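Each chain is listed here by its residues.
Number of protein chains: 2
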Amino acid sequence: MSTVAANIQDAAILQAVEDALAAAIDRRGLAPRLAEAMRYASLGGGKRVRPVLAIRCGLACGEGSLEALLPAAVAFEFIHAFSLVHDDLPSLDNDDLRRGRPTTHRAFGEALAILAGDGLQSLALEVALSSPRHPDRVAHEVASACTDMISGQVYDTLGGFPADTVADADRLRLIHRNKTGALIRGACRSGAIAGGGSTATVDRLTRFGEAIGLMFQVVDDILDETQTSATLGKSAGKDKAQGKMTYPAVHGLDRSRRVIESLHQEALGCLRELPAADPLRSMVDSLVTRTS
Amino acid sequence: MSTVAANIQDAAILQAVEDALAAAIDRRGLAPRLAEAMRYASLGGGKRVRPVLAIRCGLACGEGSLEALLPAAVAFEFIHAFSLVHDDLPSLDNDDLRRGRPTTHRAFGEALAILAGDGLQSLALEVALSSPRHPDRVAHEVASACTDMISGQVYDTLGGFPADTVADADRLRLIHRNKTGALIRGACRSGAIAGGGSTATVDRLTRFGEAIGLMFQVVDDILDETQTSATLGKSAGKDKAQGKMTYPAVHGLDRSRRVIESLHQEALGCLRELPAADPLRSMVDSLVTRTS
Numbered sequence: 001m002s003t004v005a006a007n008i009q010d011a012a013i014l015q016a017v018e019d020a021l022a023a024a025i026d027r028r029g030l031a032p033r034l035a036e037a038m039r040y041a042s043l044g045g046g047k048r049v050r051p052v053l054a055i056r057c058g059l060a061c062g063e064g065s066l067e068a069l070l071p072a073a074v075a076f077e078f079i080h081a082f083s084l085v086h087d088d089l090p091s092l093d094n095d096d097l098r099r100g101r102p103t104t105h106r107a108f109g110e111a112l113a114i115l116a117g118d119g120l121q122s123l124a125l126e127v128a129l130s131s132p133r134h135p136d137r138v139a140h141e142v143a144s145a146c147t148d149m150i151s152g153q154v155y156d157t158l159g160g161f162p163a164d165t166v167a168d169a170d171r172l173r174l175i176h177r178n179k180t181g182a183l184i185r186g187a188c189r190s191g192a193i194a195g196g197g198s199t200a201t202v203d204r205l206t207r208f209g210e211a212i213g214l215m216f217q218v219v220d221d222i223l224d225e226t227q228t229s230a231t232l233g234k235s236a237g238k239d240k241a242q243g244k245m246t247y248p249a250v251h252g253l254d255r256s257r258r259v260i261e262s263l264h265q266e267a268l269g270c271l272r273e274l275p276a277a278d279p280l281r282s283m284v285d286s287l288v289t290r291t292s
Numbered sequence: 001m002s003t004v005a006a007n008i009q010d011a012a013i014l015q016a017v018e019d020a021l022a023a024a025i026d027r028r029g030l031a032p033r034l035a036e037a038m039r040y041a042s043l044g045g046g047k048r049v050r051p052v053l054a055i056r057c058g059l060a061c062g063e064g065s066l067e068a069l070l071p072a073a074v075a076f077e078f079i080h081a082f083s084l085v086h087d088d089l090p091s092l093d094n095d096d097l098r099r100g101r102p103t104t105h106r107a108f109g110e111a112l113a114i115l116a117g118d119g120l121q122s123l124a125l126e127v128a129l130s131s132p133r134h135p136d137r138v139a140h141e142v143a144s145a146c147t148d149m150i151s152g153q154v155y156d157t158l159g160g161f162p163a164d165t166v167a168d169a170d171r172l173r174l175i176h177r178n179k180t181g182a183l184i185r186g187a188c189r190s191g192a193i194a195g196g197g198s199t200a201t202v203d204r205l206t207r208f209g210e211a212i213g214l215m216f217q218v219v220d221d222i223l224d225e226t227q228t229s230a231t232l233g234k235s236a237g238k239d240k241a242q243g244k245m246t247y248p249a250v251h252g253l254d255r256s257r258r259v260i261e262s263l264h265q266e267a268l269g270c271l272r273e274l275p276a277a278d279p280l281r282s283m284v285d286s287l288v289t290r291t292s
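Protein chains in written order, with the numbering used here: chain Z, 1 to 292; chain V, 1 to 292.
Among these hints, one or two may not hold up.
[What the hints assert, rightly or not] For each label pair, taking beta carbons as the anchor points, the in silico distance ranges come out as: (1) Arg99(Z) / Phe161(V): 26 to 34 Å; (2) Gln242(V) / Ser262(Z): 54 to 62 Å; (3) Lys240(V) / Ile8(Z): 54 to 62 Å; (4) Ala169(Z) / Gly29(V): 17 to 25 Å; (5) Arg101(V) / Asp285(Z): 48 to 56 Å; (6) Lys240(V) / Ser286(Z): 38 to 46 Å; (7) Thr291(Z) / Gln15(V): 26 to 34 Å; (8) Ala241(V) / Thr231(Z): 47 to 55 Å; (9) Ala241(Z) / Gly233(V): 49 to 57 Å.
[Claimed, not checked] Residues from chain Z that face chain V, not an exhaustive set, calculated with beta carbons under 10 Å: (10) Arg27; (11) Leu30; (12) Gly117; (13) Gln121; (14) Val142; (15) Ala143; (16) Cys146; (17) Pro162; (18) Leu174.
[Stated by the list, open to error] From chain Z, some residues computed to sit far from chain V (all C-beta separations above 12 Å): (19) Ile8; (20) Leu14; (21) Glu36; (22) Gly46; (23) Ile79; (24) Asp96; (25) Arg101; (26) Glu126; (27) Arg137; (28) Thr206; (29) Glu225; (30) Lys234; (31) Gln265; (32) Ser282; (33) Val288; (34) Thr289.
Keep in mind the hints are simulated off the structure, nothing from the lab. Note that the structure is predicted; figures quoted are calculated from it, not measured. The C-beta atom is built at its ideal place from N, Cα and C for all residues, glycine as well.
Can you build the whole structure from these sequences, using the hints too?
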């Protein structure tokens, strides 16, 4: 099974995730307008980094099937989609463009965008609880990563850091660990748990997730400074315009690039003893070199 | 144990719920401003109908302890608090007053109110998953009731009913079953599950929850028409002012009062064979005669 599983192509995983996201919404018997806005917010776009990580981490444990990993994968993508819908709202980041299309509140109005985000969060938990292996542990990863992510969004948007967190570098670490780091770490952990990984393997993939979570965010911060909105499919340069702390703003571009390389190596190191980790290695490489 | 459990006073339950709500927020290591807004939104007010129902249903099964039922109870109260915070937002019901105090967005701003609601939802799931009995089933009750409640809010605020739901009475049933009914039903069910109820008992307490969920809403609709804002601690007469469908608006006041009495009897009937249901019976009686 492990050889077969590792041989699944990225395209097959992406299609399975897309189908599972749509099916979770469609079969739930939601208010039709709610379902429409939730589909808009979660389907037909995005890099699907979190669900693919969950699935690849699960398969790397050597015992999981794609199907058994879909609940964890779908749950994290719904949480991610929910966070984007609410972050884009006028009273938060006030963004008009996301994945190359109008943001959910621009397309459906603010009331429905708020409720669609809420519904994506609760549906994520329902789906996580359908995991055939350890539904309670998978769901706990989803809920706790979600709470941490919301803490990160509060730090990022409103500040109010703990009294002992004064230096910019420390505050930035708190933002990144929570805002992007928690979901990526949680996706890797939940995949490992749903994939039947041993405690040691779950720990290794947790450290892997922490390394690439920060790496992903530093790359994102650099792209926000150096790319156009058209390339990114979302508003570029917003972090700087809003005076938000970013890795290059706090540490400089050169040091940011060195940190990316060091996290890249750390991530690969965590994968060293896993049986079917080649696709994860390629994925990490492509996350470093991505341009959007 | 069942005799002792049934003898727990309401005041002791309310205090235990209040302490558990506060502890769940305080020990979570949240961003300080997020924690502050979540405390404001969930502590120091409210009738605590859902957590008390969860606990009383659990105790009525004869095997649960108060402590073992707190996770289910706290989870439903957090979901309820989250729903109030988001429902009160300017783009939804645009309310300034709740539990006799400024609504969360009036006190903390819209951005933090949105994020505090989000955080109450995810923390609810974390707490549900700490249930010592059946954490996955308890959490599923919380998440699925939450999704249904959000559907109900969409119907209530934005309409968009399914094509086969045309008559006002049918639409109202869809709103009530989801918007208020789902959480009350779920609170009863999750208490029964966490309290070790048999399948037959869980079914009976599900029907009990459905009856009092609708009863609670019809009473609420009548109070909104007949009481003042000062008595209610929230804006009275808003349903009518916003042209919302209510039970008395669709069926008239007389029929509404008869329906309350019939649901009251139905609820009591569901409790007939339970070992320790006296406190539940008193609770149902007081829900019928409440004036706020």
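Comparing the hints with the structure gives:
Checked against the hint of 26 to 34 Å, the C-beta distance between arginine 99(Z) and phenylalanine 161(V) comes to roughly 30 Å, which is consistent with it. At about 57 Å, the beta-carbon gap between glutamine 242(V) and serine 262(Z) stays in the expected band of 54 to 62 Å. At roughly 57 Å, the beta carbons of lysine 240(V) and isoleucine 8(Z) sit within the given window of 54 to 62 Å. The hinted window of 17 to 25 Å between alanine 169(Z) and glycine 29(V) holds, with their beta carbons roughly 20 Å apart.
Remark: the range hint 48 to 56 Å for arginine 101(V) to aspartate 285(Z) is upheld by a beta-carbon distance near 54 Å. The given range of 38 to 46 Å is broken by lysine 240(V) and serine 286(Z), whose C-beta atoms sit roughly 58 Å from each other. The hint said 26 to 34 Å for the Cβ distance between threonine 291(Z) and glutamine 15(V), and at roughly 57 Å that hint is violated. Under the hint 47 to 55 Å, the C-beta atoms of alanine 241(V) and threonine 231(Z), about 48 Å apart, fit the expected range.
Checked against the given bound of 49 to 57 Å, the beta carbons of alanine 241(Z) and glycine 233(V), roughly 42 Å apart, lie outside it. The interface hint given for arginine 27(Z) is violated, since its Cβ lies 12 Å from the closest Cβ of chain V, which is over the 10 Å cut-off. Taking 10 Å as the C-beta contact cut-off toward chain V, the hint placing leucine 30(Z) at the interface holds, the least distance being around 5 Å. Checking glycine 117(Z) against chain V: minimum C-beta separation of about 7 Å stays under 10 Å; hint holds.
The beta carbon of glutamine 121(Z) is positioned within 10 Å of a beta carbon in chain V (closest approach about 6 Å), and the interface hint is therefore held. Here the hint on valine 142(Z) is kept, as its CB sits about 8 Å from the closest CB of chain V, short of 10 Å. Satisfaction of the interface hint for alanine 143(Z) is found here, the shortest Cβ-Cβ separation to chain V being roughly 4 Å, below the 10 Å cut-off. The closest approach between the C-beta of cysteine 146(Z) and any C-beta of chain V is roughly 4 Å, which is under the 10 Å cut-off, so the hint is satisfied.
Among the interface hints, the one on proline 162(Z) holds; its C-beta lies about 6 Å from the nearest C-beta in chain V, closer than the 10 Å criterion. At its closest, the beta carbon of leucine 174(Z) sits 8 Å from a beta carbon of chain V; the interface hint therefore holds under the 10 Å criterion. For isoleucine 8(Z), the non-interface assignment is confirmed: its Cβ lies about 28 Å from the closest Cβ of chain V, beyond the 12 Å cut-off. No Cβ of chain V approaches the Cβ of leucine 14(Z) within 12 Å, the least distance being about 25 Å, so the stated non-interface status holds.
Taking the minimum C-beta to C-beta distance to chain V, about 8 Å, the non-interface status of glutamate 36(Z) is violated against the 12 Å cut. At roughly 20 Å, the least C-beta separation between glycine 46(Z) and chain V is larger than 12 Å, which holds for a residue marked as non-interface. Separation of isoleucine 79(Z) from chain V is inadequate, the least Cβ-Cβ distance of about 9 Å not exceeding the 12 Å criterion. Its beta-carbon lying about 16 Å from the closest one in chain V, aspartate 96(Z) satisfies the requirement of being farther than 12 Å from that chain.
In this structure arginine 101(Z) is separated from chain V by more than 12 Å, as the shortest Cβ-Cβ distance comes to about 20 Å. Residue-level check failed: glutamate 126(Z) sits 5 Å from the nearest beta carbon of chain V, not beyond 12 Å. For arginine 137(Z), the non-interface assignment is contradicted: its Cβ lies about 9 Å from the closest Cβ of chain V, within the 12 Å cut-off. The claim that threonine 206(Z) is not at the interface with chain V holds, since no C-beta of that chain comes within 12 Å of its own (minimum 17 Å).
With a least CB separation of 24 Å from chain V, glutamate 225(Z) remains clear of the 12 Å interface cut-off, as annotated. With a minimum CB-CB distance of about 19 Å to chain V, lysine 234(Z) clears the 12 Å threshold, and the non-interface call stands. With 12 Å as the threshold on Cβ separation, the claim that glutamine 265(Z) sits away from chain V holds: the shortest Cβ distance comes to roughly 30 Å. With a closest Cβ-Cβ approach of about 32 Å to chain V, serine 282(Z) is found to remain outside the 12 Å limit, as its non-interface label requires.
With a minimum CB-CB distance of about 30 Å to chain V, valine 288(Z) clears the 12 Å threshold, and the non-interface call stands. Residue-level check passed: threonine 289(Z) sits 33 Å from the nearest beta carbon of chain V, beyond 12 Å.
In this structure, the hints that do not hold are numbers 6, 7, 9, 10, 21, 23, 26, 27, in rising order.
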